[in-house]
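If you read the protein sequences in the order shown, they are chains R and F.
Read in the working numbering, the first sequence has 232 at position 9, and its numbers run on one by one without any break.
Read in the working numbering, the second sequence has 103 at position 102, and its numbers run on one by one without any break.
No lab work stands behind these hints: they were computed from the structure.
Remember, it's a predicted structure, so these values are computed and weren't measured experimentally.
Glycine is no exception: its CB is placed at the ideal position from the N, C-alpha and C atoms.
Among these hints, one or two may not hold up.
[To be verified] Label pairs and their computed distance ranges (CB to CB):
| # | chain 1 | residue 1 | chain 2 | residue 2 | range |
| --- | --- | --- | --- | --- | --- |
| 1 | R | D237 | F | L13 | 46 to 54 Å |
| 2 | R | K236 | F | Y46 | 31 to 39 Å |
| 3 | F | W108 | R | N261 | 26 to 34 Å |
| 4 | R | N263 | F | V19 | 31 to 39 Å |
| 5 | R | S239 | F | N64 | 56 to 64 Å |
One letter stands for each residue in the lines below.
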Amino acid sequence: MKNLKLKAARAGKDLSQEDLAQLVGVSRQTISAIEKGNYNPSVNLCIGICQALDKTLDDLFWPDN
Amino acid sequence: MELGDLFFYGVLVAIFVVILFTNKGKTKVKYDERQEMIRNRSYKYGWYTVNLFLLAYVFVNNNFNAKLDTNIILAIVIFGALVVTFYQILKSAYFGIGKKYPAIFGWLMLIVGLMNAVVVIQQFRLSHDLEIGNMACSTMLVVFLVVDGLAIIYRQYHDRRESDK
Numbered sequence: 224m225k226n227l228k229l230k231a232a233r234a235g236k237d238l239s240q241e242d243l244a245q246l247v248g249v250s251r252q253t254i255s256a257i258e259k260g261n262y263n264p265s266v267n268l269c270i271g272i273c274q275a276l277d278k279t280l281d282d283l284f285w286p287d288n
Numbered sequence: 002m003e004l005g006d007l008f009f010y011g012v013l014v015a016i017f018v019v020i021l022f023t024n025k026g027k028t029k030v031k032y033d034e035r036q037e038m039i040r041n042r043s044y045k046y047g048w049y050t051v052n053l054f055l056l057a058y059v060f061v062n063n064n065f066n067a068k069l070d071t072n073i074i075l076a077i078v079i080f081g082a083l084v085v086t087f088y089q090i091l092k093s094a095y096f097g098i099g100k101k102y103p104a105i106f107g108w109l110m111l112i113v114g115l116m117n118a119v120v121v122i123q124q125f126r127l128s129h130d131l132e133i134g135n136m137a138c139s140t141m142l143v144v145f146l147v148v149d150g151l152a153i154i155y156r157q158y159h160d161r162r163e164s165d166k
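Bound-form chain F, shown alone:
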């Protein structure tokens, strides 16, 4: 991936984040105080994760002459997002007040993740000149979809068992 492409994706993500955090419309989801606390903590963990792995990436790239693919940077960002969402889902702070954890989302993510996994495994088998990190991004996307899908399904199952209604 070229530096220009990375910059473009960075700007896109920045615009998305600004829209997300300045959205005061009706679609804004309400969270209670515990959920706010969990969400803030998850952002902190995500931030630490991304920065630690980026530091490791820069360290390995500069000191060991490993020539790591820039795909790894995007994979690290996806891993950071995985940490944030996984923590929020496990602690029931991903969806807002009164929102049920829709198992259909979980199954959908799991199925799409497994379909992607087949594609990634095929690419691994067919490619002969893979460099380190060439497939990092697509592999991390598979991990993201499968892990978050499973987390949503688990959370929905746990909520149904725990609820005394």
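Just chain R, same shape as in the assembly:
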């Protein structure tokens, strides 16, 4: 399942995948895989992404009903 909320939050901060990857300390392809829903990140990585984008885990990773 695609993570459009992450993509929107990243675009909202005017960050490219590469920029976010550098902030979090992962590869660009990993960010791309998370956005496409091809990879389920660990809780630590989720927290890192949330901190980089000033969002909560609920905002980015909790599925909508």
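Position chain F against the provided structure of chain R, taking the given hints into account.
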């Protein structure tokens, strides 16, 4: 290839692997959690591949009196390495964090592979007393270089298209 030669190459590979995995210096490449997962999975696939083909080799050698060349064993190891590297390159886990996929490596591997292919084809044409597996190793090396070269070029092209920078 004699058994002594095989043992020598085995020891060389073992030393290389030990140095590779105990290298804690600055040259050590960093991978993120997804890349680590992909790399571990690729080693698993490589291990299964090598062992399945070795089993098949032993089975054919012992039951069908085929007298296969020991070159095939080395070819199987190269095929295992091909499985590992190909999977890692396709899933972007071969180079570390922040490393671009250098297309020049891919083109270089492709060109060297094609040059080797010419040599292998010439040897096939000129040799009259080829046994099964005589050319397995050099043929597999050609396949390794060409397939991995193409994979790197594809990955670099795909990354450039996918990147939103």
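Going down the list of hints, with the structure as the test:
| no. | hint | verdict |
| --- | --- | --- |
| 1 | R:D237 / F:L13: 46 to 54 Å | holds (52 Å) |
| 2 | R:K236 / F:Y46: 31 to 39 Å | holds (38 Å) |
| 3 | F:W108 / R:N261: 26 to 34 Å | holds (28 Å) |
| 4 | R:N263 / F:V19: 31 to 39 Å | holds (34 Å) |
| 5 | R:S239 / F:N64: 56 to 64 Å | holds (58 Å) |
Comparing the model with each numbered hint stated earlier shows that all of them hold.
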